[in-house]
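Per our numbering, the sequence shown starts with residue 369, numbered consecutively.
Hint data in this document are derived by calculation from the structure and do not stem from the laboratory. Note that beta-carbon positions come from the ideal geometry of N, C-alpha and C, so glycine has one too. Errors might be hidden in some of the hints.
Listed next, with one range per pair, are the computed distances between beta-carbon atoms [said to hold, decoys possible]:
id, residue 1, residue 2, range
1, V504, K556, 35 to 43 Å
2, A431, F575, 15 to 23 Å
3, R630, A452, 50 to 58 Å
4, N599, A452, 19 to 27 Å
5, I446, P468, 22 to 30 Å
6, R528, G569, 18 to 26 Å
7, R528, G635, 37 to 45 Å
8, A431, G569, 28 to 36 Å
9, D497, R407, 30 to 38 Å
10, G626, K556, 22 to 30 Å
11, R407, G626, 50 to 58 Å
12, V574, V504, 17 to 25 Å
13, A394, V574, 39 to 47 Å
14, R630, R447, 40 to 48 Å
Under the rule of at most 25 Å between Cα atoms (straight-line distance), these lysine-lysine pairs were calculated in the DSS-like manner [said to hold, decoys possible]:
id, residue 1, residue 2
15, K572, K595
16, K572, K556
17, K529, K556
18, K595, K556
19, K494, K529
20, K494, K572
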Amino acid sequence: MSIAAADYAPSPPPPSWVYQIRVAAAHGHFRDAVSLFLRMRASAAPRSSVPASLPAALKSCAALGLGALGASLHGLAIRSGAFADRFTANALLNFYCKLPDSYLHPSGVTTVDGTGSPTALESVRKVFDEMLERDVVSWSTLMMGCAEEGRHQEALGLLRKMWRDGFRPDSFTLSSVLPIFAECADVKRGMEVHGFAIRNGFDKDVFVGSSLIDMYANCTWTDYSVKVFDNLPVRDPILWNSMLAGCAQNGSVEEALGIFRRMLQAGVRPVPGTPIEQPVVDAHDSGQ
369 MSIAAADYAP SPPPPSWVYQ IRVAAAHGHF RDAVSLFLRM RASAAPRSSV
419 PASLPAALKS CAALGLGALG ASLHGLAIRS GAFADRFTAN ALLNFYCKLP
469 DSYLHPSGVT TVDGTGSPTA LESVRKVFDE MLERDVVSWS TLMMGCAEEG
519 RHQEALGLLR KMWRDGFRPD SFTLSSVLPI FAECADVKRG MEVHGFAIRN
569 GFDKDVFVGS SLIDMYANCT WTDYSVKVFD NLPVRDPILW NSMLAGCAQN
619 GSVEEALGIF RRMLQAGVRP VPGTPIEQPV VDAHDSGQ
């Protein structure tokens with residue numbers, strides 16, 4: 369092509385609305401993602417752009433605490449038919465799980481029949497019950513929502529029902545349900561989940577490992593926390609500090625001192641505010 373012809377060649381089209389929204393959300397630019405979504409809605413973008421971009425828009429609303437906007441996107445998902453899409457429905461579950469009730473109903477609005485507005489967990493449950501297609505993420509998100517609200521028995525019931533319905537838990541499920549056993553100090557059931565994790569290769573996962581460490585530490589089984597920690601192939605600073613805090617909170621000074629020394633050898637420093645008991649620091653300073 370000649371230079372003259374190239375001067376008149378049409379320029380390539382800009383990236384689509386959907387692409388820009390998804391990229392912005394994926395890189396943590398949530399305000400940009402929301403702004404792009406609202407501009408897209410005001411433009412002549414194809415109708416198919418709405419369902420394709422809703423998961424990213426909902427993720428951004430959850431990250432920014434935009435409860436009212438996210439709730440309106442729920443209505444848009446239903447009207448546009450996007451709710452039938454599993455990814456959109458899962459994004460709605462995650463949105464309601466991430467936001468406290470005050471973000472959804474800041475003015476304490478009541479419905480026309482005099483009842484209070486639904487709580488975030490009630491909204492999560494409603495979305496889940498209305499989903500046409502569920503997957504492991506759907507089940508795990510609902511379990512996480514129940515666990516965070518202290519409804520442990522309900523979460524465990526969901527785990528059993530999930531299994532009966534043919535869905536096998538993954539690392540996300542396990543790291544969501546293990547904190548329940550930590551809260552209840554139910555080490556027996558926690559060990560059953562630990563056994564499942566070992567049999568299915570999830571015990572090497574850093575998120576599952578971190579949840580197991582916390583669970584055993586809360587149940588005062590520090591030795592097991594150390595074994596889980598030592599079995600992990602990768603240990604980030606958060607994991608080191610969690611292990612150190614778990615030993616310290618149980619008064620396991622020798623174990624905490626050992627972890628503290630290994631941290632320093634690995635070039636990891638304690639995070640400011642980590643609850644290291646004074647005897648651990650004193651023992652290290654005295655060269656014990």
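Report the numbers of all earlier hints that the structure fails to satisfy, in ascending order.
-> Checked against the structure, the hints that fail are numbers 1, 4, 13, 14 and 20, while the rest are satisfied.
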